[in-house]
Amino acid sequence: MTANSAREQLRQFILNNYLFTDEQSALADDASFLDNGILDSMGILELIDFLDETFNVKVAGDELVPENLDSINSVLKFLATKN
Amino acid sequence: MDIRRLLSDSLSLAFANQPDAIAVTVGEQDYTYRDLYEQSQSIAAYLREQGLKPGERVAIFMENSWPIVPSIFGVLYAGGVFLVINHLTKAHKLAYILQDSGAQFLLSDAVVAGQFLPVLSQCEELRAVIYAGATLAADCHKPLVPLASVLSVPVVSEVKPLRINLDLAALIYTSGSTGDPKGVMMTHANMVFTCDSLIEYLRLDASARILCFLPLAFDYGLYQILMAVRLGARLIVCKSFAFPAQVFNEINRTQASVFPGVPTVFSTLIGIHHKTPLCFPSVTRVTNTAAALPPEYVPILKTIFPNALIYKMYGLTECKRVSYLEPEDAERFPTSVGKAIPGTQVFILDENRQALGPNQMGTLYVRGAHVMQGYWNKPQETAKMLVKDLIPGENILCAQDQFMLDEWGNLYFCGRVDDIIKSRGEKVSPVEVENVLYRIPGVREAAVLGIDDPLEGQTIKAFVAIDADSGLDEKKIRQFCTAHLENFMVPKVVEIRESLPKTDSNKISKKDLRS
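Chains as they are written, first to last, in our numbering: chain A, 2 to 84; chain B, 16 to 530.
Hints are not guaranteed to be accurate.
For the chain A half of the interface with chain B, some residues (derived, Cβ under 8 Å), not all of them [said to hold, decoys possible]: (1) Asp30; (2) Ile45; (3) Pro67; (4) Leu70; (5) Ile73.
To be clear, the hints were calculated from the coordinates, so they are not data collected in a lab. Cβ atoms here follow ideal geometry from the backbone N, Cα and C, with glycine treated the same way.
This is chain A alone, in the form it adopts within the complex (with noise of 0.2 Å):
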């Protein structure tokens, strides 16, 4: 897995479950998703869900911190601490 594909999967399931839309600079890589009112608490729990099972990556309880989920690269950050 490339740090370009996870990049990728990544802003397609925000941007087709959130978003609703195929317009890529709808979301910026460092929005935070909290701030802007792209996820609120249960869209959160959805995209661990979606690490889960994309990534094969299981998110701990002490990890549900806006340093490891709240934007594009916070993300991708934490998968690379995953591998």
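Knowing the structure of chain A, use the given hints to seat chain B on it.
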């Protein structure tokens, strides 16, 4: 003698008695009762100087953060009526609420400028925006005043509210069956009474450390602030429950003792607990409302919070809270939401307003000093909710919910009278969602239903009939909804049909859609 008739009197008293006690904690930052009093007074002095008259409305549009707390008390000290708007509210609805309330000032944050700047020109009565956060350089119809400049002016003499407790303190906006949100009018007397009733049955005192990650636009969140200040206790504010580990760290760091949640929060908590066991010994009270707490959660919550009393509660914005189940009764009456809160009464009537006996299902009526004064500017809708002729001289609230009472006075929820959807603890008006769907070019018919869901209570499903050449699909429809509705109102599923089933009177038949 300590006089605490107005909500703001509680803050004056806490400041006088214990100015250096911590009032609010947000992340690493602690704020004392002196900080809260002084900042509230600065905001009040500014509003008064700008000509805010007693009883005029001031809107607060911010996410959970420190400035929201002195904003609320600043409005109250100035003699105004505050309303808190959820920071996720989109421009169209924000404009509606600002216009409906006739808000004279908006207290907000630069973070949500994208939502409020475009609507200011539509709000004729609005005089200025006071905002926290980064400097805004926008070319704008109204004066934009940084909160920091308001706070930098020292207050020379105390700003007093010049109000009595029959005056309005707040409008609390809630979804209405006609689609437009309605402002529930609450007086100081209403809110002070309710605070004391909640404090009584929750058995709280000044040592409480109350956690609040619930949105403050939601009365359940708002009352955590009001109770904390009423007690002279400490409030721990978190932005949301979206990142649970952050909340867990806050509980442990601050030794939080009161944990108010809703079923989706408890379900998340239990999900995490099954992977990595959780234990929060500092918590002594756990409360649930907004939707029923599944009975099987209770034993697990007792493991997570080994020292806590667990409260199941039920309420509606129109009287804030109706009932609570004594924690000691949780096992004896596992499906009940308990009895009327202290100082209030409930009863069940049939459709002819005749009293029903134990275990008979009917409509719930509520009486007490917590019952609202009505909906702002909506006398007809008020008349449907407040019944005048049952007890002379008194307004009694018709809850529009079906209930049963048992022999011991415990309430059991049986269903709603109207078709308001309750999803994730939030009330959603199907009409409000349908109105947005009808604004999509190509949508001919739309109907929105709540589908029972074990986790969310109900999930939102939309049925639409579209023009064949509209080019619409489920994704485009949900995209439009996301741009115009708060996240929790966006339909989870959109089913596209040729046409929707009709009743004999040619209305869309929700009954047929449901089957």
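Hint by hint, here is what the structure shows:
1. For A/Asp30, the shortest C-beta to C-beta distance to chain B is roughly 19 Å, which exceeds 8 Å, and the interface hint is violated.
2. Nearest Cβ of chain B to the Cβ of A/Ile45: about 5 Å, under the 8 Å cut. The hint holds.
3. Among the interface hints, the one on A/Pro67 holds; its C-beta lies about 5 Å from the nearest C-beta in chain B, closer than the 8 Å criterion.
4. The restraint placing A/Leu70 at the interface with chain B holds, with a minimum CB-CB distance near 7 Å, inside the 8 Å limit.
5. Among the interface hints, the one on A/Ile73 is violated; its C-beta lies about 16 Å from the nearest C-beta in chain B, farther than the 8 Å criterion.
Of the numbered hints listed earlier, those contradicted by the structure are 1 and 5.
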